[in-house]
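Engineer: With the hints as constraints, model all of the structure from the sequences given.
Here is how the chains run, residue by residue.
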Amino acid sequence: MTARPQEAFARTPEQLLDELALELPDLGGATGRFVRCVQTGNVVFVAGHGPVEKGRPVFLGRLGDGMTLEEGRRAAVQSVLGVLATLKDALGELSRIRRIVKVLVFVSSTADFTDQHLVANSASELLESVFGLEKGSHARSAVGVASLPYGFSVEIELVAEVDS
Amino acid sequence: MTARPQEAFARTPEQLLDELALELPDLGGATGRFVRCVQTGNVVFVAGHGPVEKGRPVFLGRLGDGMTLEEGRRAAVQSVLGVLATLKDALGELSRIRRIVKVLVFVSSTADFTDQHLVANSASELLESVFGLEKGSHARSAVGVASLPYGFSVEIELVAEVDS
Amino acid sequence: MTARPQEAFARTPEQLLDELALELPDLGGATGRFVRCVQTGNVVFVAGHGPVEKGRPVFLGRLGDGMTLEEGRRAAVQSVLGVLATLKDALGELSRIRRIVKVLVFVSSTADFTDQHLVANSASELLESVFGLEKGSHARSAVGVASLPYGFSVEIELVAEVDS
Numbered sequence: 621m622t623a624r625p626q627e628a629f630a631r632t633p634e635q636l637l638d639e640l641a642l643e644l645p646d647l648g649g650a651t652g653r654f655v656r657c658v659q660t661g662n663v664v665f666v667a668g669h670g671p672v673e674k675g676r677p678v679f680l681g682r683l684g685d686g687m688t689l690e691e692g693r694r695a696a697v698q699s700v701l702g703v704l705a706t707l708k709d710a711l712g713e714l715s716r717i718r719r720i721v722k723v724l725v726f727v728s729s730t731a732d733f734t735d736q737h738l739v740a741n742s743a744s745e746l747l748e749s750v751f752g753l754e755k756g757s758h759a760r761s762a763v764g765v766a767s768l769p770y771g772f773s774v775e776i777e778l779v780a781e782v783d784s
Numbered sequence: 621m622t623a624r625p626q627e628a629f630a631r632t633p634e635q636l637l638d639e640l641a642l643e644l645p646d647l648g649g650a651t652g653r654f655v656r657c658v659q660t661g662n663v664v665f666v667a668g669h670g671p672v673e674k675g676r677p678v679f680l681g682r683l684g685d686g687m688t689l690e691e692g693r694r695a696a697v698q699s700v701l702g703v704l705a706t707l708k709d710a711l712g713e714l715s716r717i718r719r720i721v722k723v724l725v726f727v728s729s730t731a732d733f734t735d736q737h738l739v740a741n742s743a744s745e746l747l748e749s750v751f752g753l754e755k756g757s758h759a760r761s762a763v764g765v766a767s768l769p770y771g772f773s774v775e776i777e778l779v780a781e782v783d784s
Numbered sequence: 621m622t623a624r625p626q627e628a629f630a631r632t633p634e635q636l637l638d639e640l641a642l643e644l645p646d647l648g649g650a651t652g653r654f655v656r657c658v659q660t661g662n663v664v665f666v667a668g669h670g671p672v673e674k675g676r677p678v679f680l681g682r683l684g685d686g687m688t689l690e691e692g693r694r695a696a697v698q699s700v701l702g703v704l705a706t707l708k709d710a711l712g713e714l715s716r717i718r719r720i721v722k723v724l725v726f727v728s729s730t731a732d733f734t735d736q737h738l739v740a741n742s743a744s745e746l747l748e749s750v751f752g753l754e755k756g757s758h759a760r761s762a763v764g765v766a767s768l769p770y771g772f773s774v775e776i777e778l779v780a781e782v783d784s
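Protein chains in written order, with the working numbering: chain A, 621 to 784; chain B, 621 to 784; chain C, 621 to 784.
A hint or two may mislead.
Intra- or inter-copy, both count: the list cannot distinguish identical chains.
Stated by the list, open to error - Derived lysine to any residue pairs resembling SDA-like cross-links, with alpha carbons at most 20 Å apart: (1) LYS708 - LEU738; (2) LYS755 - GLY681; (3) LYS755 - ARG694; (4) LYS674 - LEU647; (5) LYS755 - ARG653; (6) LYS755 - ASN662; (7) LYS755 - ASP783.
It is worth saying that the hints were derived from the structure and are not from the lab.
As the structure is a prediction and not an experimental result, all values here were calculated from the model.
Structural biologist: Here it is as structure tokens:
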């Protein structure tokens with residue numbers, strides 16, 4: 621039996637993260653009173669993740685109020701990395717993800733800030749880079765909220781389909 | 621074999637939209653970096669849709685700040701029509717929808733506006749008109765957010781069950 | 621055949637609610653134009669529930685604007701009790717719930733209030749008390765929104781897995 625070429629040369633999501641020089645963050649021990657993801661059938665529901673590094677909240681602030689779009693985009697990337705850390709921890713290998721299904725991006729915003737979709741795009745771009753277009757492209761909502769826990773600028777939750 | 625009367629005379633969701641003189645909007649080409657819906661198993665997750673006509677955002681503004689409830693209700697209807705355009709595009713026929721399961725309505729709101737449920741009702745009424753009570757009635761949340769992409773007044777996401 | 625000890629002595633969620641001296645609220649007749657939950661496969665999607673007692677909204681207000689954290693926590697508990705009333709009504713017995721999968725907690729908040737997770741913890745703690753850690757622990761998001769229907773301070777929606 622011959623390995624199919626696309627599989628032989630395919631890189632894992634973990635390798636692709638490495639190539640992008642991105643690291644899965646240490647989320648720290650505490651989640652308050654909940655768990656970071658729950659699977660039902662082939663579907664995993666991932667809790668809302670804000671940007672965390674070494675177990676501590678980062679990118680605190682509010683879009684439209686002293687925080688730049690570029691900082692918001694980095695906050696979204698860091699939040700997705702936290703989501704991936706949770707999925708890696710739960711699944712063992714990120715390649716067990718068959719499809720990123722749905723992403724919900726909450727952006728702490730003033731009433732005047734209306735570029736939540738641009739903040740969210742950085743999260744979507746990362747998911748497409750790591751899982752490829754076929755598995756990584758997803759349905760998405762992006763909304764501007766009044767405030768988030770710990771003063772997070774971004775919080776991202778996600779639904780994914782995984783193998784059996 | 622005789623056609624069962626209720627089926628022989630049943631109208632499709634598309635015909636019911638026609639009778640209501642409602643048209644599925646052209647959503648335009650761009651979604652940023654995501655897709656408009658993703659199916660996993662028999663369940664379709666639809667991305668957040670704001671009100672769009674001929675590929676352009678309409679009903680911009682904020683409830684409680686110069687925008688009337690009636691405009692908000694029309695924004696919600698237009699958002700649902702966008703959701704249906706997406707489902708029609710993905711499924712071919714809207715009759716493939718077995719049940720509207722869950723609707724989440726984000727309403728751009730001032731702190732003083734607390735009639736998000738009345739805005740959302742117009743979306744729910746449309747879904748019941750087009751799919752009938754049995755398939756069209758759904759669980760729903762309606763919340764007031766600080767702001768939405770492009771200055772949308774309303775954004776609606778939806779979960780539906782479809783045939784196999 | 622001998623009853624397994626843990627089953628013989630296990631208390632139902634209803635009995636545990638009793639022991640906590642908590643009562644499922646009367647949610648009143650009206651939901652606007654939607655239903656309180658919809659099941660698809662083994663998964664139940666529950667609509668957003670604010671705190672209601674005897675069919676009337678309670679705990680109105682906004683965190684960070686005259687409402688204390690403790691009041692917010694009681695609002696979250698009352699919202700979860702409403703969710704459980706809906707599930708009890710739909711399923712007959714709460715013991716038919718195999719897992720609380722995902723909870724989304726909307727907290728009406730000023731821009732300065734960033735303790736949504738502490739408000740949400742009271743909801744999570746109640747779910748764990750009633751269903752036990754194995755079935756009751758769940759993925760969760762908590763966000764601060766501009767306002768909620770009827771002036772609710774909290775609104776909670778939930779996804780649960782139920783038996784076949």
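Engineer: Now look at each hint and say whether the structure bears it out.
Structural biologist: Here's how the hints hold up against the structure:
1. LYS708 - LEU738: neither (26 Å within a copy, 27 Å between copies)
2. LYS755 - GLY681: This pair counts as neither: shortest intra-copy Cα distance 32 Å, inter-copy 35 Å.
3. LYS755 - ARG694: Answer is neither; intra-copy 23 Å and inter-copy 35 Å both fail.
4. LYS674 - LEU647: within (6 Å within a copy, 42 Å between copies)
5. LYS755 - ARG653: Between copies only: 13 Å across, 31 Å inside.
6. LYS755 - ASN662: Both ways: LYS755 and ASN662 sit 15 Å apart in one copy and 18 Å across, limit 20 Å.
7. LYS755 - ASP783: within (12 Å within a copy, 22 Å between copies)
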